[in-house]
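Enquirer: Residue numbers (UniProt numbering), protein chains in the order written: chain A, 1 to 405; chain B, 1 to 405; chain C, 1 to 405; chain D, 1 to 405.
Please keep in mind that the hints were generated in silico from the structure rather than gathered at the bench. Where hints are given, some of them may not hold.
Same chains, same label: a pair holds when it works inside one copy or across any pair of copies.
[Said to hold, decoys possible] Here are the simulated lysine-lysine pairs, DSSO-like style, with alpha carbons at most 30 Å apart:
#: 1; residue 1: Lys250; residue 2: Lys346
#: 2; residue 1: Lys237; residue 2: Lys250
#: 3; residue 1: Lys399; residue 2: Lys227
#: 4; residue 1: Lys403; residue 2: Lys326
#: 5; residue 1: Lys381; residue 2: Lys400
#: 6; residue 1: Lys50; residue 2: Lys381
#: 7; residue 1: Lys367; residue 2: Lys346
#: 8; residue 1: Lys381; residue 2: Lys156
#: 9; residue 1: Lys250; residue 2: Lys367
#: 10; residue 1: Lys403; residue 2: Lys6
#: 11; residue 1: Lys381; residue 2: Lys399
#: 12; residue 1: Lys403; residue 2: Lys227
#: 13; residue 1: Lys286; residue 2: Lys326
None of these values were measured; they are calculated from a predicted model.
This is what each chain is made of:
4 protein chains.
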Amino acid sequence: MSDINKIVLAYSGGLDTSVIAKWLQEEYNAEIVTFTADLGQGEELEPARKKAEAMGIKEIFIDDLREEFARDFVFPMFRANAIYEGEYYLGTSIARPLIAKRLIEIANETGADAIAHGATGKGNDQVRFELGAYALSPNIQVIAPWREWDLNSREKLMAYCEEHNIPVENKQGKKSPYSMDANLLHISYEGDLIEDPWAEPEEDMWLWTKSPEAAPDEPTYIELTYKQGDIVAIDDKAMSPAEVMEHLNKVAGENGIGRTDIVENRYVGMKARGCYETPAGFVMLKAHRAIESITLDRDAAHLKDEMMPRYAELIYNGYWWSPERKMLQAAIDQTQENVNGKVRLKLYKGNIIVVGRTSDESLFDEKIATFEDDAGSYDQKDAAGFIKLNALRLRVAAKKGRKLL
Amino acid sequence: MSDINKIVLAYSGGLDTSVIAKWLQEEYNAEIVTFTADLGQGEELEPARKKAEAMGIKEIFIDDLREEFARDFVFPMFRANAIYEGEYYLGTSIARPLIAKRLIEIANETGADAIAHGATGKGNDQVRFELGAYALSPNIQVIAPWREWDLNSREKLMAYCEEHNIPVENKQGKKSPYSMDANLLHISYEGDLIEDPWAEPEEDMWLWTKSPEAAPDEPTYIELTYKQGDIVAIDDKAMSPAEVMEHLNKVAGENGIGRTDIVENRYVGMKARGCYETPAGFVMLKAHRAIESITLDRDAAHLKDEMMPRYAELIYNGYWWSPERKMLQAAIDQTQENVNGKVRLKLYKGNIIVVGRTSDESLFDEKIATFEDDAGSYDQKDAAGFIKLNALRLRVAAKKGRKLL
Amino acid sequence: MSDINKIVLAYSGGLDTSVIAKWLQEEYNAEIVTFTADLGQGEELEPARKKAEAMGIKEIFIDDLREEFARDFVFPMFRANAIYEGEYYLGTSIARPLIAKRLIEIANETGADAIAHGATGKGNDQVRFELGAYALSPNIQVIAPWREWDLNSREKLMAYCEEHNIPVENKQGKKSPYSMDANLLHISYEGDLIEDPWAEPEEDMWLWTKSPEAAPDEPTYIELTYKQGDIVAIDDKAMSPAEVMEHLNKVAGENGIGRTDIVENRYVGMKARGCYETPAGFVMLKAHRAIESITLDRDAAHLKDEMMPRYAELIYNGYWWSPERKMLQAAIDQTQENVNGKVRLKLYKGNIIVVGRTSDESLFDEKIATFEDDAGSYDQKDAAGFIKLNALRLRVAAKKGRKLL
Amino acid sequence: MSDINKIVLAYSGGLDTSVIAKWLQEEYNAEIVTFTADLGQGEELEPARKKAEAMGIKEIFIDDLREEFARDFVFPMFRANAIYEGEYYLGTSIARPLIAKRLIEIANETGADAIAHGATGKGNDQVRFELGAYALSPNIQVIAPWREWDLNSREKLMAYCEEHNIPVENKQGKKSPYSMDANLLHISYEGDLIEDPWAEPEEDMWLWTKSPEAAPDEPTYIELTYKQGDIVAIDDKAMSPAEVMEHLNKVAGENGIGRTDIVENRYVGMKARGCYETPAGFVMLKAHRAIESITLDRDAAHLKDEMMPRYAELIYNGYWWSPERKMLQAAIDQTQENVNGKVRLKLYKGNIIVVGRTSDESLFDEKIATFEDDAGSYDQKDAAGFIKLNALRLRVAAKKGRKLL
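For reference, chain A alone in the conformation it holds in the complex:
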């Protein structure tokens, strides 16, 4: 381990990563560089700087990555209608590759030979950080203190803090019992009271959304404008990707939208209970499907649907930075050129109701779909031939005595 001279640490400013910073200094006798990102988690980052300085850290990076996160990670993912195991919006998963990328950039910039993170050895995040780091910088060394040290209980951590003068904020009565992660796309909760899959979370766990019960009694209508599969304006007001997400988080959360409560399958092999609030994400998935419904070709749409579970799995498992994710992204992005237009939504007490979709490039043709005179575009008699030929193989088999019942 003596070959490590400088370590870039993904540093939140919280207790755990503060302990890690100190532990790395001691254990590796290495210079520490901290990296703290604003991904829209809604926390002040300047305290992190203060704390890092207090530990004698010289190189402190605090970056506002909100636009990059929304534009280059979240938005491409939503083009795919990605959802993991039918329920999870990948809020944590999609943030990790950006952090990994930035850790590597900073390592390159500062001449560090290692990175470190505060993810435990039982979760997915260690995998996501490290796969990304290795893919972008194959000789980087990775330090995951939770897999190495013996500070494996709250008591030992506290003792370590006391011993090393690491300040422990004693937010009386305020400390959440849950393990949480937040960014523009979501906030997550794990552990403690919700470890039992039969237990309903208490209402005060949820921090970002009103409950459907507490949401306004009047619905909110919004209109989203899409360009090439991405939202570019809300209610005709042009917005950047991060602005879109901030706006939607606010309005959807206010209307009781965005809660997920699941048991999911981790890449490292176990099932885990997780609760999530993803207000903007809920709206974006629903609306994107709606704009695609009128602008996307049927068979391209179905192929996207077949590819999606794999794509979501790749992101969940930490393979954003991989040839196979890029390959799927190329296919997905190829379909979005004409995904332009508007979707009108009604938000009401947890419901997202699509009440209109329109596009200059709509493939919906009222005349063909209905009984109106369609000027010869569709001859009903063609259907007989269509059916006859599609049935041919089935009829031949039936004539040969094959049974389907």
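With chain A's structure known, arrange chains B, C and D on it following the hints.
Expert: Chains B, C and D only, in chain A's frame:
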């Protein structure tokens, strides 16, 4: 056409199929057998018998198929978590193969050489009826009057009725402007006011569900008991498949659950707007995923997710009676043996909130998932090796200069 | 039919399309434009001009499309390792979209309102021509005489020729009994003696390849140079795509390589026996897999393998000109950037034996693969963790009593 | 390690596993049980017993597993037409789960608490053994000496042998330089001269097959009889699965059939060169596709083709004993009920030429496929409607200005 002597007609008792019955008698000079099915659409069927008798029809079949429909068609489909294009619960699609099967059985029983149906030449139902019929009886002849006759406007139909003494019920002010279909799984609406994808449906279109606004202010909690992937009891009361669906339709509809409003891609090639109420279906999909989340192996679950779009497409397109659907069903059913346990749900104003899942065969292991002492089941250090080997190909590529950015 | 004034006919110069030219003139009273393409089928095309002129046709297009065919159709397809039903190299399928495209271009150029082709109503080619034409020119009219006329026997055709002074070449003893199609990629045989799937084709059916028995007793070695997935040189001699194919057809055919004898499933629903000679194709598929084996990432390669059957099916069924084929092509092409290097092959009596592959961008790393000191790139102890975590879900299930036996 | 009292060792009788036996005795102070399987590798197993006895081993299991291997592992795999990365017949992969199963059975029988194997830490076999063992016996302990000890060079091994009186057979000039594995399905070669992917293997490496050059100048014809997808007779002589394989290995190997020379992607992350002889496997894959070509429904066949790469990957990676492999197997087996009939093959100097296939359950219908009068089974005019409806979405898109070129 002179080779057709007897025709089994899928007969609803409504105006269209009454006209068809008469038209077939005249056009084909053939004996007509009517078949009317109770699939849970919630209509009296005896009037259909009366009307058929009035047209001189001798062989009249009126069958209660609700249990068979729920047990052998709807339930197997929900084992797959099937949903078409991310939104449609396949309510009409899944009923057609049962009707096709029964038409063929009756044709065999009565010595008929043809079947007829009232589906138009622009829709999916013609395909579903006919593929099913051909697959089960390859020499059957199929008559689709809407593709043949020239009664292609409301006026011509009315004139035909008048000419042939077919009674037209004049439900003043009550006639819905929509084209509708209903069974235990759903009721659907097409045409008229909702042909424009930008137009929000009027509230009085919806017949089965309360709006979220009008739903009760107090939530309803229910517990579903699963056995091998199927619901066998609600709130500990054992129920048959059809009873399950009737119960869930009632309680979910009451709570504002089950509305879908989409533009979908028909198998015959065009996009079409459709609105649907599927109260039980909404609950069943959500709850099935929840019970699977604790009882199904991860990789089996992911494989199911990858197969699902194809499976749903097959059902939508009319290939229930096909080798490929049976093949997928075999894979799906193979996974359901241990999908046993209970799901607890909170229903509230359009929301279905999973608040608990439990199973004697749960694969969720609290000790492994969390920081508790897991008695050696999981060694965090293993994660390092897991990541290293998964990263190997990415690192080798990066060392060779491959770029992912 | 009176609205058709000018028809572009895909004209081979053979008997069938000559009859069609005459029949179209008579039946549609329309001007005929002939289009004859050199796709490498190895026939003189000037006689086609003569014949067309003799029928009074004014606009005669004879195009050498060999390079476009090889470069824009065959080569992209081989990047996907496409093969239909495990055996068929898609030789006819891949030529049809180019002909469809050119028919439409000529129709646009000459102001024609229809196209016509000589494919029958039982085959795949009608579908391929027409889907392509409709996709590229949605208002085009398509005439498929074989589906319309009553010249449905050899006798009637001959009578028509006599009546209309269409010269019938009487190549005594030379007329093949098979229905054939040829281009740079293959020559195909259908019908007659090989209709019975139990019958072995007679040796003299095969026109392009020597039999393995008759091939030289000495092997031929060749080296193929790949750039971005395409062959750009053979034995270090730079060649255009069409030159590559011509060269490989010659050398592979000489060595007894390229014969396929199968029963395949047509898109129109029936099974059909087909025999094919695809000498260059056999070599290209084998060699492309070999160069990919050292240059392509594992998971990208596996994803390609999973996509391939669908991609091949799309081409077989006539959907080259479709959003979904473009979508898959985008994914496939995305992977080929580094598919560069050389493959060395030994060709001998029907065998294609890969005897070497090398690449500056090879991902093969001898040190990591073997027992050599790998300078820490691979720590065997990592494998234990890798296995443990991959086994975790299986162990948890086994502990819960799940049985796999 | 003191908790291990008895270890079942997969024991070949060769040098490496003899060293392991001794090392385990010393290192773990545990009782050793040896298990040696006859999988058709063509070696005497009694010497293994002698050697084990010489080391003081009391419980020695020597099992003839040839029929079980062929019937329950190889045959089911060939029903899927499984092939890894387009080239590898999975000869080693498919043997490992049987060995894992038997190791666990013996551990249960003898009260052992651990198993051990001689696979290295860089290969796939360790994964296959261990995933199988854990899946079937979740609390078993696994010892992989190659990952643990420091005998990581030939010299150290030899020194260990000398020190512990382990006899080293000095087959002068006979010792192959390759790492090899053999069973009924194949023999494999890795390492040494073929580590360089550009190097052609020397002819004397291949032990099971004649070279095409050296194969007879006269072809051999054979007829395979299939029942439910499995070969049950050759040339009308009924044979057991293992007999089928032995017979085919002989006749195909004699005719120069079965050599594979590839670079493959290991599950543990690196690329590796491997050479294989799989004479029976080559024939079985080709013939199975041929019998399926006339007996299997088109869409079931295509779905099988799409599933195959995943199925092959699962077996390659060691997941035979997994819910997802069982799920795919259920789908595959579901299709084989009617895969009955005969395939006639010509074997000649490396070529397997299908020259006939026939079945009482053939779906091939000569009348429908050809120009013969098909008695109304197929109306060519239906094709127009079939094409028109399949083209509809493409035409609508083109009318809206979408470009495919």
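Enquirer: Each of the hints needs a verdict: does it hold here or not?
Expert: Verification of the supplied hints:
1. Lys250 / Lys346: both (15 Å within a copy, 25 Å between copies)
2. Lys237 / Lys250: For Lys237 and Lys250, the Cα distance is within 30 Å only inside one copy (16 Å; across copies 42 Å).
3. Lys399 / Lys227: For Lys399 and Lys227, the Cα distance is within 30 Å only across copies (21 Å; inside one copy 52 Å).
4. Lys403 / Lys326: between (44 Å within a copy, 11 Å between copies)
5. Lys381 / Lys400: both (29 Å within a copy, 24 Å between copies)
6. Lys50 / Lys381: This pair counts as neither: shortest intra-copy Cα distance 76 Å, inter-copy 33 Å.
7. Lys367 / Lys346: For Lys367 and Lys346, only the intra-copy Cα distance (27 Å) is at most 30 Å; the inter-copy one is 42 Å.
8. Lys381 / Lys156: between (78 Å within a copy, 19 Å between copies)
9. Lys250 / Lys367: Close neither inside one copy (40 Å) nor across copies (36 Å); limit 30 Å.
10. Lys403 / Lys6: between (70 Å within a copy, 25 Å between copies)
11. Lys381 / Lys399: Classified as both; 26 Å inside a copy, 22 Å across copies.
12. Lys403 / Lys227: between (50 Å within a copy, 18 Å between copies)
13. Lys286 / Lys326: both (24 Å within a copy, 26 Å between copies)
In summary, the numbered hints that this structure violates are 6, 9.
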